[in-house]
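Trainee: Fit chain B to the supplied structure of chain A, relying on the hints for placement.
Protein sequence lines correspond, in order, to chains A and B.
Here this note's numbering is used: the first residue of the first sequence is 1, the next is one more, and so on.
Here this note's numbering is used: the first residue of the second sequence is 486, the next is one more, and so on.
Treat the hints with care, as some may be off.
[As the list claims (entries may be wrong)] To give an idea of the chain B side of the interface with chain A (calculated C-beta under 7 Å), a few residues: (1) Asn501; (2) Leu521; (3) Asp524; (4) Ala603; (5) Asp630.
[Unchecked claim] To be clear about the criterion: a stretch of chain B counts as covered by chain A if any three or more of its residues have a C-beta under 8 Å from a C-beta of chain A, and this derived list gives those stretches: (6) 506-518; (7) 551-563.
[What the hints assert, rightly or not] If you anchor each label on the Cβ, the simulated ranges turn out as follows: (8) Asp543(B) x Asn397(A): 31 to 37 Å; (9) Arg539(B) x Ala396(A): 44 to 50 Å; (10) Thr256(A) x Asn541(B): 25 to 31 Å; (11) Pro577(B) x Thr484(A): 34 to 40 Å; (12) Trp609(B) x Ala307(A): 36 to 42 Å; (13) Asn655(B) x Ala307(A): 50 to 56 Å; (14) Pro577(B) x Phe439(A): 21 to 27 Å; (15) Leu289(A) x Arg539(B): 25 to 31 Å; (16) Pro577(B) x Asn174(A): 52 to 58 Å; (17) Lys626(B) x Pro485(A): 37 to 43 Å; (18) Glu364(A) x Pro577(B): 24 to 30 Å.
Keep in mind that the hints were calculated from the coordinates and are not lab data.
From the three backbone atoms N, C-alpha and C, an ideal C-beta is built for every residue, glycine too.
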Amino acid sequence: VYGVPYATVWRTFEHALWVVFEDAVLVWACFVSRREMLEICRRQDQNQQLLDELEQRVHDRTAALENEMSARERTAIALGRSEERYRALVANAPIGIFTSTRSGEVKFANPYLLKLLGLPLDTDVTQLDMSDGRMFPIAERQRFWTRLETEQEVRGFETTYTLHDGRKIDVVINARLKSGSRDTPALCEGTLEDVTAQKDAKRDLEAVNQQLVVASRQAGMADVATGVLHNVGNVLTSVNITISELLDRLKKSRLTILQKLVETLQRERPRLATFLTEDAAGRQLPDFLGKINTHLAEENKLLRADAESLVRHFSHIREIIVTQQNAAKLFGVAENLSAIQLVEDALKLSADALGRHGIALQREFTDKAQVKADRHKVLQILVNLIKNSKDSVLAANIADPTITVRILPPERGFAGLVVHDNGLGISQENLARIFQHGFTTKKDGHGFGLHSCVLAAREMHGDLAVGSEGPGRGATFTLLLPTTP
Amino acid sequence: MSASAYRSRVLIIDDNPSIHEDFRRILAPTVTGTDLDADAAALLGMDTAPVADRLNVDLDCALQGQEALTKVTAARASGQPFALAFVDMRMPPGWDGLTTITKLWEVDPELHVIICTAHTDRTWEEIEAALTARDRWAVVKKPFDKIEVLQLAHVMTAKWNLARLVNAANAA
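Excised from the complex, chain A in its bound form (with noise of 0.2 Å):
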């Protein structure tokens, strides 16, 4: 541009003029341009923030939605699992779950539940029916649903299936009531348990039992028999040694003397007079005479003291088994009876223990009441609680050992025999035991005797109660027995 000659000078200078412009705005174009690239520049830096800054948030979110994403996913598994495991639960539980409504229908029973009442495992459960009562007996389950509707919650409810073969099962429901609404009936859900096999044990138990109180009944008149051989040995050995003495009396009696004198008399008849004031013999027979009746005396004492000795013993004898005929006579049969002397009876029953251990007795009868009961079983229970109140009150070793029958006068139909004494005393834990079959506080007790008079005492409509103001001051057994109209 510049070292181009032109023709003139005005071109030249033309020329140089629009070089200058051109380079003037070239200059201008520079800088505009150096501007704008400066400007580019630093957009295109804060772009780049932005970006920088989009993709750590685009990252951020990703990594968050990633953990939300395997959160949720855990979760879902773990429920997964978790509806695995209720799934299992309920169908293999050892136990029957059902879902049922007020009107018999079945709306879920786990396969166990089936099972349980001989029902194949794929039967529809909704076309199951309890409303007609085959299975559950309608009043069953009336009573059930009664009680489950006033209770919200039923537990334990005891009752017996009949299954369709005929074979009949106890179960134990346990269930809450599940309200419904105006579209929805409410639900019975529950669980239910076979306890055939408890029941049937317990049965058996109560079998054993029963023969256990048979076989303390039995003790306890072998305990009867046994103080009554006691007795009437004691009073035959005393007999038998009388019996010999009385004859051993009579065979020695000098009533031979006496007859033997008789003779001598006869024989000096003739001098008789001569004979008993010369003769050294004859002389001493006045006194000798006299002698022999003193004697003679004396035998007769004796042996009328060992004969009334006989009578007494034998009226013991008879006293032993006229009680003894009168406990077994009537063998469980309720008949009419005076208190009085059921009570007489027991204490005679009694009496050998009693007189022998310095107890003293007290009588309190009031009244004359008749009861219906069984003879033999209230003989039983007096004579077991006499024999607790004796064994009491020597334990307690007290200065003065009584025992107090009483006769209580018949309210509302009951009269009360009582055996009250004044020995050990039942502490307030021990009262509420001591009915319990086995329960015993005595070294070498057995804990049969008072449960099988509580049960005696039942089975003749009575009750036996007991009362005690604690350990050493004494126990009152209550006898109640149906007073006759």
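Mentor: Same frame as chain A, but now just chain B:
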């Protein structure tokens, strides 16, 4: 040797006092009329009845095993031990016969014993196993006869006295 040669102490252990009386009648009877017999022999020429060998014993009684133990212990200490004890098996509320005998033998092993019972809560096997000194005990069942008890008393007291004589001779 006769039982009357030595005076022996006998202990009756029974919870029934009327049994004590029975033993007394048998072992120490009231004898009357012996002086009359002498007069009858002198004045009327009657034969005196042969007097049977009488048992020469001192009787003592106990109602319970514990009481018996006290008496046997005291007798042994005083140098006048019991020769023989009649023991009932059933003596409520205290020790039964078997326990009593075992305890008595602990303080006086020489004591001879006669078990005298109507009913025992122990079996004879139990009693045999517990009372190993078989030569020192015998059994009489109630109701017993006078002669059983009387003869056993004669034999046992004589045996006891002989044993003591033998022991004394051996010791000398």
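Trainee: Against this structure, judge whether each hint is valid.
Mentor: Tested hints:
A least Cβ separation of about 5 Å between Asn501(B) and chain A falls short of the 7 Å threshold, and the interface hint therefore holds. With a least beta-carbon distance of about 5 Å to chain A, the hint placing Leu521(B) at the interface is held under the 7 Å criterion. With a least beta-carbon distance of about 6 Å to chain A, the hint placing Asp524(B) at the interface is held under the 7 Å criterion. Annotation: Ala603(B) was flagged as interfacial toward chain A, and the flag holds, the nearest CB pair being 3 Å apart, inside 7 Å.
Because the beta carbon of Asp630(B) sits about 6 Å from the nearest beta carbon in chain A, less than 7 Å, this interface hint is met. Only when three residues or more bring their CB closer than 8 Å to a CB of chain A does the claim for the region 506-518 of chain B stand; here the count is 8, and the claim holds. Remark: the region 551-563 of chain B is not confirmed as covered by chain A, as 0 of its residues place a Cβ nearer than 8 Å to a Cβ of that chain, below the required three. Between Asp543(B) and Asn397(A) the Cβ separation comes to about 33 Å, which falls inside the hinted range of 31 to 37 Å.
Restraint check, Arg539(B) to Ala396(A): a C-beta distance of roughly 47 Å satisfies the suggested window 44 to 50 Å. Between Thr256(A) and Asn541(B), the C-beta spacing of about 27 Å keeps the proposed range 25 to 31 Å intact. In this structure the supplied range 34 to 40 Å holds for Pro577(B) paired with Thr484(A), their Cβ-Cβ distance being about 37 Å. Look at Trp609(B) against Ala307(A): about 37 Å separates their beta carbons, and that is inside 36 to 42 Å.
Restraint check, Asn655(B) to Ala307(A): a C-beta distance of roughly 52 Å satisfies the suggested window 50 to 56 Å. Remark: the range hint 21 to 27 Å for Pro577(B) to Phe439(A) is upheld by a beta-carbon distance near 23 Å. In this structure, Leu289(A) and Arg539(B) meet the distance hint of 25 to 31 Å, their C-beta atoms being roughly 29 Å apart. Between Pro577(B) and Asn174(A) the beta carbon distance is about 54 Å. The supplied range of 52 to 58 Å therefore holds.
With their beta carbons about 52 Å apart, Lys626(B) and Pro485(A) fall outside the hinted range of 37 to 43 Å. In this structure the supplied range 24 to 30 Å holds for Glu364(A) paired with Pro577(B), their Cβ-Cβ distance being about 27 Å.
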